[in-house]
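> Single-letter residue listing:
Number of protein chains: 2
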Amino acid sequence: MVVLGIDPGSLNTGYGVIQESSGVLSVLVCGVIRLHPRRSHAERIGEIYRELAKVITDFQPERIALETAFLSRNVQSALKLGQVRGAVIALAMNQHLTLHEYAPREVKSAITGRGAASKEQVAFMVTRMLGLTVAPKPFDVTDALGIALCDLLRGESRNAYLPVQKARCGKSSWSQFVAASPDKVVR
Amino acid sequence: MVVLGIDPGSLNTGYGVIQESSGVLSVLVCGVIRLHPRRSHAERIGEIYRELAKVITDFQPERIALETAFLSRNVQSALKLGQVRGAVIALAMNQHLTLHEYAPREVKSAITGRGAASKEQVAFMVTRMLGLTVAPKPFDVTDALGIALCDLLRGESRNAYLPVQKARCGKSSWSQFVAASPDKVVR
Numbered sequence: 001m002v003v004l005g006i007d008p009g010s011l012n013t014g015y016g017v018i019q020e021s022s023g024v025l026s027v028l029v030c031g032v033i034r035l036h037p038r039r040s041h042a043e044r045i046g047e048i049y050r051e052l053a054k055v056i057t058d059f060q061p062e063r064i065a066l067e068t069a070f071l072s073r074n075v076q077s078a079l080k081l082g083q084v085r086g087a088v089i090a091l092a093m094n095q096h097l098t099l100h101e102y103a104p105r106e107v108k109s110a111i112t113g114r115g116a117a118s119k120e121q122v123a124f125m126v127t128r129m130l131g132l133t134v135a136p137k138p139f140d141v142t143d144a145l146g147i148a149l150c151d152l153l154r155g156e157s158r159n160a161y162l163p164v165q166k167a168r169c170g171k172s173s174w175s176q177f178v179a180a181s182p183d184k185v186v187r
Numbered sequence: 001m002v003v004l005g006i007d008p009g010s011l012n013t014g015y016g017v018i019q020e021s022s023g024v025l026s027v028l029v030c031g032v033i034r035l036h037p038r039r040s041h042a043e044r045i046g047e048i049y050r051e052l053a054k055v056i057t058d059f060q061p062e063r064i065a066l067e068t069a070f071l072s073r074n075v076q077s078a079l080k081l082g083q084v085r086g087a088v089i090a091l092a093m094n095q096h097l098t099l100h101e102y103a104p105r106e107v108k109s110a111i112t113g114r115g116a117a118s119k120e121q122v123a124f125m126v127t128r129m130l131g132l133t134v135a136p137k138p139f140d141v142t143d144a145l146g147i148a149l150c151d152l153l154r155g156e157s158r159n160a161y162l163p164v165q166k167a168r169c170g171k172s173s174w175s176q177f178v179a180a181s182p183d184k185v186v187r
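Quick mapping for you: the protein sequence lines, in order, are chains D and S. Here the first sequence is numbered in the working numbering, starting from 1 and rising by one per residue. Here the second sequence is numbered in the working numbering, starting from 1 and rising by one per residue.
To be clear, the hints were calculated from the coordinates, so they are not data collected in a lab. Even glycine gets a Cβ: it sits at the ideal position worked out from N, Cα and C. One thing to keep in mind: the hints can contain errors.
Stretch-level coverage of chain D by chain S, calculated; a stretch enters the list once three of its residues show a Cβ under 8 Å from a Cβ in chain S [unchecked claim]:
hint: 1; region: 32-43
hint: 2; region: 66-80
hint: 3; region: 92-106
Residues from chain S shown here face chain D by an in silico Cβ test under 10 Å; the list is partial [what the hints assert, rightly or not]:
hint: 4; residue: L11
hint: 5; residue: N12
hint: 6; residue: A42
hint: 7; residue: G46
hint: 8; residue: I48
hint: 9; residue: Q76
hint: 10; residue: L81
hint: 11; residue: R85
hint: 12; residue: N94
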């Protein structure tokens, strides 16, 4: 399973591709697309599309994970962020990739166990979970890797990581747990 | 010169392709992409991209004209509209088409002579200017045709339509006018 996590922004868009193979996680690529504020927003959007399309061609992710927009009160910023997100969503749809969105709290909670964790804490945990020696910089990159990680932990593939946690929540959790782990249940 | 005018919306996106050939304007195609509100916003954005890409393949416009976003106070709407616009902008950039944006007032003013004109008035004038027998419906379509018309009237090609008006405005207007129309100047 290969997941591309994206942290879209109107100036800096972080991205990271994580591969999960037999429970082992590895970063295939990560980086940030920095857009020059002097370039027109159309050129910036075109560049984001092209750069991410290249990442998809090179690393063939099966899924794209995106953070849901954090909305300030500024409509102009919301429009700009929306435009970047629209390009990313169009790319995912054009490449027939599954797209999943996660709220920032959900990502932080999946990575650090605390929905209100700081960016530093997310960067620390992402670095540790992925077995990296140093934290990638800037935070846009660790955020993007965190989103991809969240997708691997919370998405369709979460059985591979959190079978017990999954069995503990949800409606038919106990019966699922019994079915999944017959050896752990004393009858 | 073939121009594709687009009136992007999160539910209905109007489009219209106008061809200008030796001063004669003709509508090559126009319509509206209606998106089902129950579909996910990602699916809707993918559909807009695909439908408009088909229009571009079929009618080969050289330019895309877009209305600048009318911003309400609602950040959620701004984000949604931004996402649709982002897909359209990414499409224009991917197809290497020139993209021009016009403010709603600018479009209305170019078509009706009044920046605060009603949608009905724009529809009436668009129908008349394009020699159509009936006004295309809904207003999303006439708005999109109006945007394409505005681009033809105001864009790089405006010399073809408004040589005198152009000569009258701008910094070096008089010298331009003299150079362009030597027969009209009494020396």
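> How about the region 66-80 of chain D: do at least three of its residues have a C-beta closer than 8 Å to a C-beta of chain S?
holds (count 10)
> Can you take a look at whether the region 92-106 of chain D is actually covered by chain S? Rule is 3+ residues, C-beta closer than 8 Å.
Since 4 is at least three, the answer is holds.
> Identify whether the interface hint at R85/S stands, where standing means a beta carbon of chain D within less than 10 Å of its own.
holds (5 Å)
> Does the closest beta carbon of chain D sit nearer than 10 Å to the beta carbon of N94/S?
Holds: closest Cβ of chain D sits about 6 Å from N94/S, inside 10 Å.
> Does the closest beta carbon of chain D sit nearer than 10 Å to the beta carbon of I48/S?
holds (8 Å)
> Is the shortest C-beta separation between L81/S and chain D less than 10 Å?
holds (7 Å)
> Given A42/S as an interface hint, is the shortest Cβ-Cβ distance to chain D below 10 Å?
Cβ of A42/S sits 5 Å from chain D, so the hint holds.
> Given a cut of 10 Å on the nearest C-beta pair, is the interface hint for G46/S held or broken against chain D?
holds (3 Å)
> Mind checking the CB of N12/S against every CB in chain D and telling me if the closest is under 10 Å?
Nearest chain D Cβ about 16 Å off; hint violated.
> Hint check: is the beta carbon of L11/S less than 10 Å from a beta carbon of chain D?
With a minimum Cβ separation of about 15 Å from chain D (threshold 10 Å), the hint on L11/S is violated.
> So, Q76/S near chain D? Judge it on the closest CB pair being under 10 Å.
At 7 Å from the nearest chain D Cβ, Q76/S passes the 10 Å test, so the hint holds.
> So is the region 32-43 of chain D in contact with chain S by the C-beta rule, three or more residues under 8 Å, or is the coverage claim wrong?
holds (count 3)
Violated hints, in rising order: 4 and 5; the structure is consistent with all others.
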